[in-house]
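Line by line, the protein sequences are chains A and B.
Numbered by our numbering, the letters in the first sequence go through residues 387 to 774 in order.
Numbered by our numbering, the letters in the second sequence go through residues 387 to 774 in order.
Treat the hints as calculated values from the structure; they're not laboratory data.
From a predicted model like this one, the values you see are computed outputs, not experimental measurements.
It cannot be assumed that every hint is accurate.
As the list claims (entries may be wrong) - Stretch by stretch, here's where chain B covers chain A in the computed footprint (C-beta under 8 angstroms, at least three residues):
hint	segment
1	424 to 435
2	471 to 485
3	527 to 541
4	596 to 605
5	751 to 764
Unchecked claim - Heads up, simulated DSBU-like pairs for lysine-lysine below, C-alpha to C-alpha not over 35 angstroms straight-line:
hint	chain 1	residue 1	chain 2	residue 2
6	A	K409	B	K409
7	B	K409	A	K460
8	A	K762	A	K460
9	A	K460	A	K508
10	B	K762	A	K409
11	B	K762	B	K409
12	A	K409	B	K460
13	A	K409	A	K762
14	B	K409	B	K460
15	B	K508	B	K409
16	A	K409	A	K460
17	A	K762	B	K762
No residue lacks a Cβ here, since even glycine has one placed at the ideal position from N, Cα and C.
There are 2 protein chains.
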Amino acid sequence: MDFHGQPRFPPGFRCASRNCGLKPVEKDLALFVSDRDAAAAAIFTRNQFPGAPVLLGRETIRGGSLRAIVVNSKVSNVATGAIGLANARRMAAAAAAECGTEASRILVSSTGVIGVHLPIEKVESGLRGMTADLTDDPLVGARGIMTTDTHPKALSASAGPATITWIAKGSGMIEPNMATMLCYIFTDAAFDAPTLDRMLRRSAHVSFNMLSVDTDTSTSDTCVLMANGAAGPVPEATFQEALTAGCLRMTEILARDGEGAEHLLRCTVRGAIDEREARLVAKSLVNSPLIKTMVHGADPNVGRILMAVGKCFDATIRTDATDAWVNGHQVVRGGARLPFDEAAVRAALATEVVDLEVSLGAGDASATAYGCDLTKGYVEENAAYYSS
Amino acid sequence: MDFHGQPRFPPGFRCASRNCGLKPVEKDLALFVSDRDAAAAAIFTRNQFPGAPVLLGRETIRGGSLRAIVVNSKVSNVATGAIGLANARRMAAAAAAECGTEASRILVSSTGVIGVHLPIEKVESGLRGMTADLTDDPLVGARGIMTTDTHPKALSASAGPATITWIAKGSGMIEPNMATMLCYIFTDAAFDAPTLDRMLRRSAHVSFNMLSVDTDTSTSDTCVLMANGAAGPVPEATFQEALTAGCLRMTEILARDGEGAEHLLRCTVRGAIDEREARLVAKSLVNSPLIKTMVHGADPNVGRILMAVGKCFDATIRTDATDAWVNGHQVVRGGARLPFDEAAVRAALATEVVDLEVSLGAGDASATAYGCDLTKGYVEENAAYYSS
């Protein structure tokens with residue numbers, strides 16, 4: 387699919403971002419506004435300690451309609467009890483007042499440290515007058531929701547007569563079990579909320595749900611799709627295809643910007659007995675610290691591929707039919723390591739995008755998981771995240 | 387339990403180690419010999435790509451009797467097909483000839499790089515005359531089986547009139563699903579093979595099976611218990627207690643010497659609905675990269691504890707009853723972060739042994755998992771393991 391060279395919003399959507407004092411100087415507050423009520427669907431983290439904004443969001447999304455999304459970074463408002471939930475409601479009310487709508491039309495997100503109370507007064511005063519800053523540049527909003535991301539993340543593409551725009555953040559605590567961290571998707575196509583929900587789940591299943599930076603599932607994961615209908619109806623298949631393509635691309639962007647990452651790692655498993663097992667083995671590969679460090683060091687220690695396949699104890703593995711490739715170079719045949727050109731495999735592992743492919747020879751199902759290498763940068767960033 | 391100040395063998399067991407040319411100068415070949423046939427039990431990796439020595443070992447241990455164990459380091463003889471299995475058999479035959487017994491009484495282990503053929507001639511000539519070097523110092527054998535270990539690992543203790551000696555190696559690719567990497571246990575107590583097997587499985591269940599350095603399950607894990615009967619019968623309960631105590635201590639020694647590790651991390655979960663869930667949540671904590679880096683940096687980012695509990699999607703978590711402690715300092719009560727003395731928690735996290743305790747308030751079951759922090763040293767070691 388062709389993405390626009392410069393990301394843009396569908397007509398009717400705009401955004402703003404500000405510093406409201408949660409961070410020293412960087413943007414820490416973002417607002418995404420539709421000029422009319424938009425049909426909406428959302429999926430949230432499966433973590434059993436969801437943040438207050440997720441608890442509120444599940445309530446809000448039942449209405450199937452949103453006017454705006456308000457997001458702060460630095461503090462995630464998780465593990466904050468009844469005060470946290472009250473603060474999330476105050477944040478929705480403040481955004482509703484600024485946008486001239488009701489709190490039930492506002493989706494709230496917070497991202498950052500767990501277990502710290504949200505300085506709600508700063509957020510409330512930050513929101514006052516913020517609609518005056520609204521712009522049609524998605525990167526402005528994307529910048530306002532960053533935490534350890536190294537760059538703002540926004541994409542847009544056409545789907546028939548409509549436009550779809552993805553804005554996301556996330557680089558650590560990422561093995562979403564629905565959709566990673568924060569991803570907001572805007573379109574002017576006309577769909578009702580149940581259809582949006584169905585399409586969003588289908589796309590997330592093969593994209594965000596196959597992403598893992600570090601096996602750790604955030605307490606704040608939120609993925610929202612808002613459709614204002616301005617472009618009229620679009621065939622569902624056309625829209626679904628574009629939606630999935632953009633979600634996959636955003637998944638790769640998030641994986642490549644994983645904390646400390648220097649490589650995008652894609653692990654594809656073919657020949658599995660069913661999709662569940664293909665996904666399981668692909669996730670085992672992408673999550674293995676020894677695979678991740680092998681990619682980091684461009685060290686052709688490809689026996690580790692078999693280790694990571696074989697530790698899926700309950701998967702159907704035909705050890706004598708298992709083959710593996712590194713960026714197209716076959717390194718394993720029939721469960722044993724092949725003699726291969728080490729310099730070529732070393733060079734393949736040193737490229738920015740590394741594709742590991744495994745064929746299990748057991749069936750016809752396949753799946754791809756997305757991740758990154760494990761570096762000293764990851765350790766450094768996460769050994770002092772709270773204190774820094 | 388009191389371990390001996392200096393580890394020693396039970397009467398009738400001795401060992402030797404040599405350099406046979408697999409490594410430049412360090413010891414790479416070890417032999418553990420009983421002066422008579424000893425009843426024996428063993429458990430092996432559940433990885434679906436077991437090494438040739440594991441395949442052969444499963445066949446050998448069916449006899450329930452061993453005279454010797456021969457081990458090489460540097461090359462694991464995994465993913466080496468029919469040649470690998472033939473080489474493992476040649477290694478058993480060479481050790482049998484040296485020890486004056488049959489190949490069916492020799493347990494073979496190999497540890498090191500996956501997917502490289504064993505230079506079997508070097509091993510065969512290394513074994514010739516090796517019984518002349520036999521000594522009663524367990525550390526000599528422990529030194530011969532090291533890979534990335536920073537020190538040789540041996541323990542001994544009394545169990546009634548008998549002695550038990552543990553010799554182990556292992557520091558990476560460790561989340562055993564039976565017993566970690568290589569651990570050899572010798573005793574002069576008299577038990578038959580089925581009883582040894584039952585006792586070994588019980589002890590491994592709470593010790594080696596709760597150890598994880600990096601979530602990666604080795605293709606070579608082997609844990610063997612040999613009993614020569616010289617000390618006569620010992621009550622099973624007495625022996626089981628001592629066996630478990632030593633396996634737990636060895637588990638802690640292996641965890642603390644995890645690749646790059648600077649801390650021993652113990653995660654205890656209480657109040658779980660059953661043992662399966664207690665083990666699941668304890669493993670989730672000990673394996674979380676964000677918990678491991680928090681410990682590494684002594685960063686009191688304790689919200690991550692709730693994240694790692696909550697990502698056990700299928701466990702019974704009472705979010706309003708979940709409490710957590712760091713080395714005795716309570717940091718979470720009723721699922722929310724408590725105000726706590728940050729300096730004290732920072733100091734607690736900076737100690738060599740860090741205990742994280744979580745109470746789920748859902749039932750009476752408990753479990754402890756053993757691991758270590760995640761450091762730049764781990765990344766460095768594993769980004770060039772094959773090449774170095």
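Tested hints:
Counting residues of the segment 424 to 435 of chain A whose CB lies closer than 8 angstroms to any CB of chain B gives 4, which reaches the minimum of 3, so the coverage claim holds. Figure legend: the segment 471 to 485 of chain A, annotated as covered by chain B; annotation inconsistent (0 residues with Cβ-Cβ distances under 8 angstroms, at least 3 required). Proximity of the segment 527 to 541 of chain A to chain B, defined as three or more residues with a beta carbon under 8 angstroms from a beta carbon of that chain, is not established by the 0 residues found. Evaluation of the coverage hint for the segment 596 to 605 of chain A: fulfilled, as 6 residues show C-beta separations to chain B shorter than 8 angstroms, against a requirement of three.
A stretch counts as covered by a chain when three or more of its residues have a beta carbon under 8 angstroms from one of that chain; for the segment 751 to 764 of chain A and chain B the count is 4, and the coverage holds. Taken as a hint, the K409(A) and K409(B) pair is broken in the structure, with Cα atoms around 53 angstroms apart against an allowance of 35 angstroms. Note on K409(B) and K460(A): the hinted pairing is violated, with a Cα-Cα distance of about 50 angstroms set against a maximum of 35 angstroms. A threshold of 35 angstroms between alpha carbons decides the hint, and for K762(A) with K460(A) the separation of about 23 angstroms falls inside it, so the pair holds.
Only pairs whose Cα atoms come within 35 angstroms are accepted, and K460(A) paired with K508(A) is accepted, the gap being roughly 13 angstroms. A threshold of 35 angstroms between alpha carbons decides the hint, and for K762(B) with K409(A) the separation of about 28 angstroms falls inside it, so the pair holds. At roughly 25 angstroms between alpha-carbon atoms, K762(B) and K409(B) fall within 35 angstroms of each other, so this suggested pair holds. At most 35 angstroms may separate the alpha-carbon atoms for a hinted pair to count; K409(A) and K460(B) exceed this at roughly 50 angstroms.
For the suggested pair K409(A) and K762(A), the alpha carbons sit about 25 angstroms apart, so the restraint of at most 35 angstroms is met. For the given pair, K409(B) sits about 7 angstroms from K460(B) by alpha-carbon distance, which is consistent with the 35 angstroms threshold. For the suggested pair K508(B) and K409(B), the alpha carbons sit about 11 angstroms apart, so the restraint of at most 35 angstroms is met. For the hint linking K409(A) to K460(A), the alpha-carbon distance of about 7 angstroms falls within 35 angstroms, and the restraint holds.
Taking the CA atoms of K762(A) and K762(B), the gap is about 5 angstroms. The hint holds against a cut of 35 angstroms.
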